[in-house]
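**Student:** Spelled out, the chains give:
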Amino acid sequence: MSAPILSLNDIRKTYRTSAVEVFALQGVSFTINEGEYVAIMGPSGSGKSTLMHILGCLDVPTSGDYLLAGEDVGTMSEHQLAEVRNRRIGFVFQQFNLLSSLNAVRNVELPLAYAGTAQIKRRERSTEALARVGLADRLDHRPGELSGGQQQRVAIARALVTDPSMILADEPTGNLDSQSTADVLRLFDELHQAGRTIVLITHEAEVAEAAARVIHVRDGVVESDSQPTAARHAEQSSQADSEQSAHRVDEHPVDEWPEWIADDHR
Amino acid sequence: MNFAETVRTSLDAIFTHRMRSLLTMLGILIGIAAVILTVGLGQGAQNQVASQINKLGSNLLVISPGSTSTAGIRGGRGTASTLTSADATALADKSIAPDIAAVAPVSTGSLDLVAGDTNWTTSVVGTTPSWMGVRARSMTSGRFITNTDLNTSAQVLVLGATTAQELFNNADPVGQAVTVNGTSLTVIGVLNSVGTTASGTDEDDTAIVPQTTYQTMLSTSANRTSISSLYIEAESSTSLSAAYQEADQALLTAHHDSIRDADFTITSQESLLQTATATDKTLTVLLGGVAAISLLVGGLGVMNIMLVSVSERVREIGLRKALGATPKAIRKQFLIEASILGLAGGVLGLVLAGIGIAILPSLLGQPVVVVPLAVIGGLIVSLLIGTIAGVYPANRAAHLSPIDALRSE
Numbered sequence: 000m001s002a003p004i005l006s007l008n009d010i011r012k013t014y015r016t017s018a019v020e021v022f023a024l025q026g027v028s029f030t031i032n033e034g035e036y037v038a039i040m041g042p043s044g045s046g047k048s049t050l051m052h053i054l055g056c057l058d059v060p061t062s063g064d065y066l067l068a069g070e071d072v073g074t075m076s077e078h079q080l081a082e083v084r085n086r087r088i089g090f091v092f093q094q095f096n097l098l099s100s101l102n103a104v105r106n107v108e109l110p111l112a113y114a115g116t117a118q119i120k121r122r123e124r125s126t127e128a129l130a131r132v133g134l135a136d137r138l139d140h141r142p143g144e145l146s147g148g149q150q151q152r153v154a155i156a157r158a159l160v161t162d163p164s165m166i167l168a169d170e171p172t173g174n175l176d177s178q179s180t181a182d183v184l185r186l187f188d189e190l191h192q193a194g195r196t197i198v199l200i201t202h203e204a205e206v207a208e209a210a211a212r213v214i215h216v217r218d219g220v221v222e223s224d225s226q227p228t229a230a231r232h233a234e235q236s237s238q239a240d241s242e243q244s245a246h247r248v249d250e251h252p253v254d255e256w257p258e259w260i261a262d263d264h265r
Numbered sequence: 000m001n002f003a004e005t006v007r008t009s010l011d012a013i014f015t016h017r018m019r020s021l022l023t024m025l026g027i028l029i030g031i032a033a034v035i036l037t038v039g040l041g042q043g044a045q046n047q048v049a050s051q052i053n054k055l056g057s058n059l060l061v062i063s064p065g066s067t068s069t070a071g072i073r074g075g076r077g078t079a080s081t082l083t084s085a086d087a088t089a090l091a092d093k094s095i096a097p098d099i100a101a102v103a104p105v106s107t108g109s110l111d112l113v114a115g116d117t118n119w120t121t122s123v124v125g126t127t128p129s130w131m132g133v134r135a136r137s138m139t140s141g142r143f144i145t146n147t148d149l150n151t152s153a154q155v156l157v158l159g160a161t162t163a164q165e166l167f168n169n170a171d172p173v174g175q176a177v178t179v180n181g182t183s184l185t186v187i188g189v190l191n192s193v194g195t196t197a198s199g200t201d202e203d204d205t206a207i208v209p210q211t212t213y214q215t216m217l218s219t220s221a222n223r224t225s226i227s228s229l230y231i232e233a234e235s236s237t238s239l240s241a242a243y244q245e246a247d248q249a250l251l252t253a254h255h256d257s258i259r260d261a262d263f264t265i266t267s268q269e270s271l272l273q274t275a276t277a278t279d280k281t282l283t284v285l286l287g288g289v290a291a292i293s294l295l296v297g298g299l300g301v302m303n304i305m306l307v308s309v310s311e312r313v314r315e316i317g318l319r320k321a322l323g324a325t326p327k328a329i330r331k332q333f334l335i336e337a338s339i340l341g342l343a344g345g346v347l348g349l350v351l352a353g354i355g356i357a358i359l360p361s362l363l364g365q366p367v368v369v370v371p372l373a374v375i376g377g378l379i380v381s382l383l384i385g386t387i388a389g390v391y392p393a394n395r396a397a398h399l400s401p402i403d404a405l406r407s408e
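Protein sequences, first through last, are from chains A and B. Going left to right, the first sequence walks through residues 0 to 265 as numbering that gives the first Met the number 0 numbers them. Going left to right, the second sequence walks through residues 0 to 408 as numbering that gives the first Met the number 0 numbers them.
No lab work stands behind these hints, which were simulated from the structure alone. Predicted model, so just to flag it, every value in this text is computed and none were measured. Hints are supplied without guarantee of correctness; some may be wrong.
Calculated pairs, SDA-like style, for lysine to any residue (alpha carbon to alpha carbon, straight line, at most 25 Å) [as the list claims (entries may be wrong)]: (1) 280/B / 293/B; (2) 327/B / 100/A; (3) 331/B / 115/A.
The following residues of chain A were derived to be distant from chain B, with all beta-carbon distances above 10 Å [stated by the list, open to error]: (4) 3; (5) 63; (6) 115; (7) 137.
Covered stretches of chain A (in silico footprint by chain B; criterion: 3 or more residues with CB under 8 Å from a CB of chain B, positions within the stretch not fixed) [unchecked claim]: (8) 8-20; (9) 45-58; (10) 79-86.
Where a beta carbon is used, it is the ideal one built from N, C-alpha and C, also for glycine.
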């Protein structure tokens, strides 16, 4: 658990509107290792959304280097970025962003469809991913027939199904009540225990507390980083055992992970 | 995402917005139905006219007195008929006109026929035995006039089906006596029924007498040898124009006319057909044009709704892009959606046209023909219109930024 999955080096992003230049990011550098659970916090206007877009390969930086799983993302074309998003990143959004006309399993299949996975394999993996988030009995339900918490769990299943390098969650609990928030955070925690790399973007301190490492962003720069990568390995391993047992969802223990997820970390 | 899945995605989108999709298709639907019905009506009318003109007889030329004007439309007919029995005899001469197979001079007058206490006014035709062959007619009972009848000015008469029905109801008219202009004639036969011509004349409302009988006993004209028209049958359809030239030349010589002041007009079936179908064609082109404009408007409708659809679905597009859809995949999705809308509009248009083809003939009294080319062409055009209308909206969708798309509420 030590190879850097992503590294940002002096990332700057400038928006030009007609007269004004907005310096959204003014030199952001940090590294996230495989298997880390990181929260990026900041007030609105801090540049945290811009940072999320760049991390998610939805936008390219004005300058600076961004390496994601060894690939230089900054120089890629729109087409290549689409492929990187498909293979490397599992998005979870505040608005869930499920397609209302499709049932849960077809929503989860969507990224696999764009990856060109065969139909049978796709259905199999989507069903497994939905079982993983505790929705094995909701495969045929449409988003309108599910609660907010269930919808967000479908979205997490969709983020998991391609076995991405990183799960990038943008205010995933922003639209949820406290019970569903707890469910979703518990799920992230389990995924973290299972070796997933999770980057969670939020402005809520309680949500950020769930992560082992918190990066504060303000005015386009990193204001503080609770545990820079190098310093935190020892501490993480000592804390891990107690946290795991506290947050586990009983019906989905970690060792029930499907094999394809366990083997194939990129 | 492969083609079949993209089609499925597009179908999902179309069925999710059923009402809107239907309204989108409406323009193309109406356009295609209009095209097929217009072409079908036009073709039906043309077929009808053609079959009616062909009823006149095959390889037929009609010579009528009077001069001609342009485009085969006959000018004012002269008061005195300039055609005579001598012209008929001249044209029947093989050494003068080798491509003319038969000539039937016709003298016509509207006369009163009396049978018992029934009377009926009909078109009485004085002609020769060759008339039946030239006009491609046959008998349902009795016999036609013969050369003997002609030579002896026999007091005999052949009735058309309508005339026979009017005079004798359902009784057998053969052997019955009919009085015309005080002359008593014996019915010797009844012609087969051929119905009404394009100009609305009942071809069965007629009575045929030997030409000599007509000229000596029935005609009220001062010049008893003058005739109303000459029917000429060419040897074959290929020698029709040769027969035309020969007849023209022979008559010019006989009448000492120059081409400028010819006192007769030769009409071929083809020119009749052309005149008769010219109006139909104009109408078909006009209505077809309206239908084409309706299709164009239909295409604009598809484009309009697709643009609305793209702006309404920016979130979906943004999400698909975030999940890994390339611009190409998004473009393909919207193009296929527009094509399906176009094609579905075309198919529904065919259904509507089918209903029209079933109902219209009884409503208009006009036949409507299914023209296969219009059906296939209509489907292809509707698919093309949909696809073309989809290009601009699809490109807009493809180039939406995923950030802007996801941000929009």
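**Student:** Run through the hints listed earlier and report the numbers of any the structure violates, in increasing order.
**Tutor:** When the structure is compared with the hints, numbers 6 and 8 turn out to be violated.
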